[in-house]
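*Asks:* With chain D's structure known, arrange chain L on it following the hints.
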Amino acid sequence: MSVAADRSENLRMIRDSAGAVVPPGDLRRVRALRSGAPGIDRDVWREMCAMGWPGLRLPEAEGGSGLGMAEFCALVEELGRGLVPEPLIQGAFAARLLRGEALEALLAGERIVLPAWQERAGAIAAGRDAALRDGRVTGRKLFVPMASCADAFLVTTHDGLALVRADAPGVSLEIAGTQDGGHFGTLSLDDAPAEAVAAATEDAVDEALDEAALALAAYLLGAMERSFALTLDYLCTRRQFGRPIGSFQALQHRAADLGIQIALTRASVESAAATLDSAGPAAPRAAAVSRAKARAATASMLVTRQAIQLHGAIGYTDEADIGLYLRKAMVLANLHGSAAEHRARYARLLPETDHD
Amino acid sequence: MTDLNALDDEDFRLAVRRWLREAYPPELRNPPKRLHWRDNKVWYLKLAEKGWLAPGWPREHGGMGLSAAKQLIMLDEYERHGVARTNDHGIVMLGPLLIRYGTEAQKSRFLPKILSGEHIWCQGYSEPNAGSDLASVATTAVREGEDWVLNGQKTWTTLANDANWIFVLARTDRAAKKQEGISFFLVPMDAPGVTVRPIVNLDLHDEFCEVFFDTVRVPHDNLVGAVNQGWTMAKALLGFERVMIGSPKQSAYALGRLRLLAQRMGGWDDPVFQDRYTGLRLDLADHTSLYETYLEILRRGEMPGADASMLKLHQSELYQRITDTMLEIAAENAGLLEPMEGNRDLNPAGLFLQARPVTIYGGSNEIQRNILARTVLGLPG
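Chains as they are written, first to last, in UniProt numbering: chain D, 1 to 356; chain L, 1 to 381.
Excised from the complex, chain D in its bound form (with noise of 0.2 Å):
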């Protein structure tokens, strides 16, 4: 087999692994999760891991599964089609810094370690103005995603990355519920013991940030993709004035620009994750990143807005499953970056010469 055809082979079957552990038809289980704590079902963050989840893109040798951003992005990209709230981007954004003990419990699925990087609202790039000395970490950090559940945080700070336990003392969580029914921790640490990640450089750190960023969008793609299936199947069902309502051209030209819409973000997210792939300067890698995130945030509103005016007013019933759609889209467009933030930071990396 080429090795195209080979990695056509691997996403597929990824896809279909993705569809078994969590098929996205019945949102049942995610509304069952909706705000109440940890927000996760820990049987199926479990089966994740034994699928190999979190360290699809380590090497084989570190106990991964060897794979590509693009693998990955297909993954997340069907968890996005079922709403699923185990904290898989975050889970593997840890992975891909930890060594060692740490690492081993993490992909096994004994330990969640998340991520606690962000020190204000609206940052791309990590915070690091806490410390880390002696042993023991002082900072606080924001927006950290379903934090209560994890066992133990990945905190950056301006001397190194640390691991810290949730239950260590002098760590304290203040948590805020979000409208997709999971919830933000803001994370405080005071002279809390930790164990310094030596491995982990800041690049490593910052392309960890990036990959998870794209990983967002593609979840973004997979949920807006799904709440336009969902669209359509409405749109050819419902009847008023005795015909559906997807015969009017006004609704069909608006159905026909989601398309559009959501074409482009697919473009743009496996083209960052190809650019991701291979090898390459820094600079196109994070602007590649910055574009399908940008992108994403802007489709994934328009599309689950749209989704919930084209239902009319069953789309703004709690118990229409449409609604979970653009909820989702409300908390993760500005994670990790709004398309804004996105939008001036690609501007700086590739700024336009007089040959573009």
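A few of these clues could be false.
Chain D regions said to be covered by chain L (calculated; three or more residues, Cβ under 8 Å) [what the hints assert, rightly or not]:
hint	segment
1	245–259
2	308–314
3	322–329
4	338–344
To list a few chain L residues with every Cβ distance to chain D over 12 Å, as calculated [as the list claims (entries may be wrong)]:
hint	residue
5	A6
6	H36
7	Y44
8	E77
9	R80
10	Y101
11	T103
12	L260
13	Q274
14	T278
Taking CB as the label site, the calculated pair distances span [claimed, not checked]:
hint	chain 1	residue 1	chain 2	residue 2	range
15	D	A250	L	R259	29 to 35 Å
16	D	L350	L	A138	54 to 60 Å
17	L	R109	D	P244	41 to 47 Å
18	L	R197	D	A32	19 to 25 Å
19	D	A283	L	R29	46 to 52 Å
20	D	P244	L	L45	46 to 52 Å
21	L	G266	D	T353	28 to 34 Å
22	D	L27	L	R197	19 to 25 Å
To be clear, the hints were calculated from the coordinates, so they are not data collected in a lab.
Note that the structure is a prediction, hence the values are computed from the model and not measured.
Built from N, CA and C at the ideal position, the CB exists for glycine as well.
*Replies:* Only chain L this time, still in chain D's reference frame:
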């Protein structure tokens, strides 16, 4: 009582402002969600006592008979003070319809009770299969002696769980063309056979309800206008509704919150944001001018035409553009379930969700555009 219409605009503004400071319950300022009757009753009754419940009704029916300009000043002061919306379907929707189409007996029976707060009304129009295609209502009313017997289901009935009366469109002639077989009924919610089921919306609020009618008996006196003339009257009432939804209040409120949010998030001075903000501000100012022309029509006791759809379209979409902008600049706070920092004035996600149904209810914006294109612009249907 002072003739408020005789005051000059500035004195009138100060009179309104003074009274709001004295009388408006501080805990009800800028509520994050639409208030239920149990919460806004105290304010409704104060308005009733003051005689300020119905600024647009003619004075002979207990309204204030205010000029459009003065109604706008009042609205502006309410908005600045953060005055909450009341259960106002009786005032905004039914009252004007009864004034125009009701018998003298109906006017004297119902209008005073709207003004006293004894009757709280809700609107029974939409049904599961009659939303945009409202003329397809399937709830039936059958004549039995001096009574009518209603059977069917309404939905998206705003605050039906607060109301003690509902005005209902029901089919009284199944053989006629669908618009020509509908009548307009006034039904007490405590009539045997009426049940209400609240619906939880995306903002996790029970603002809308389903209302079921199972062999509900109402006397013939409760029919407004002539039998089978309900559609004509309802369409006229929809004109009122479009003017009401076209009020700049929601957008003005949201724009103020956008400013606070931008200042809090640190993007206020950014020239790109300033240009965008000023664009929204000008849209609001122009909208308010357009709205004033419709208030003037109402004050003259006339029915707004189909062109009132413009107001509904422009205000609902402006409100959404403002709340879309809020989410874009709110960073991670865009996804929060509760207001930021415990401050109800910083609630981008809540306002964004509350702006969703505005382009759907009162005739979806798609339908409004059809009306504009066909009825106003004369394009072929």
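*Asks:* So, for every hint listed, does it hold in this structure?
*Replies:* Now the hints, each set against the structure:
With 4 residues carrying a beta carbon less than 8 Å from a beta carbon of chain L, the segment 245–259 of chain D meets the three-residue requirement, and the given coverage holds. Check on the segment 308–314 of chain D: 4 of its residues sit with their Cβ under 8 Å from a Cβ of chain L, so the three-residue criterion for coverage holds. Only residues whose beta carbon comes within less than 8 Å of a beta carbon in chain L count, and the segment 322–329 of chain D has 3; three or more means the coverage holds. Residues of the segment 338–344 of chain D with a Cβ under 8 Å from some Cβ of chain L number 3, which satisfies the need for three, so the listed coverage holds.
Distance to chain D confirms A6(L) as a non-interface residue, since its nearest Cβ pair spans about 44 Å, more than 12 Å. At roughly 17 Å from the closest C-beta of chain D, the C-beta of H36(L) stays outside 12 Å, upholding its exclusion from the interface. With 12 Å as the threshold on Cβ separation, the claim that Y44(L) sits away from chain D holds: the shortest Cβ distance comes to roughly 26 Å. Look at E77(L): its CB is around 31 Å from the nearest CB on chain D, clear of 12 Å, so calling it non-interface holds up.
Residue placement check: R80(L) keeps its beta carbon more than 12 Å from all beta carbons of chain D (closest about 29 Å). The Cβ of Y101(L) sits about 27 Å from the closest Cβ of chain D, beyond the 12 Å cut-off, so the non-interface label holds. Every Cβ of chain D is farther than 12 Å from the Cβ of T103(L); the closest lies at roughly 33 Å, confirming the non-interface assignment. The beta carbon of L260(L) is kept farther than 12 Å from every beta carbon of chain D, the shortest such distance being approximately 15 Å.
With a minimum CB-CB distance of about 14 Å to chain D, Q274(L) clears the 12 Å threshold, and the non-interface call stands. Taking the minimum C-beta to C-beta distance to chain D, about 18 Å, the non-interface status of T278(L) holds against the 12 Å cut. One distance hint, 29 to 35 Å for the beta-carbon pair A250(D) and R259(L), holds here, with the actual separation near 34 Å. Range check, L350(D) to A138(L): about 59 Å between beta-carbon atoms, so the 54 to 60 Å window is met.
Separation of R109(L) from P244(D) is about 44 Å and conforms to the stated range, judged on CB atoms against 41 to 47 Å. At roughly 22 Å, the beta carbons of R197(L) and A32(D) sit within the given window of 19 to 25 Å. Remark: the range hint 46 to 52 Å for A283(D) to R29(L) is upheld by a beta-carbon distance near 50 Å. Evaluation of the 46 to 52 Å hint for P244(D) and L45(L) yields a pass: the beta carbon distance comes to about 48 Å.
Hint check: G266(L) to T353(D), Cβ distance near 31 Å, so the stated range 28 to 34 Å holds. For L27(D) and R197(L), the Cβ-Cβ distance of about 22 Å falls inside the hinted range of 19 to 25 Å, so the restraint holds.
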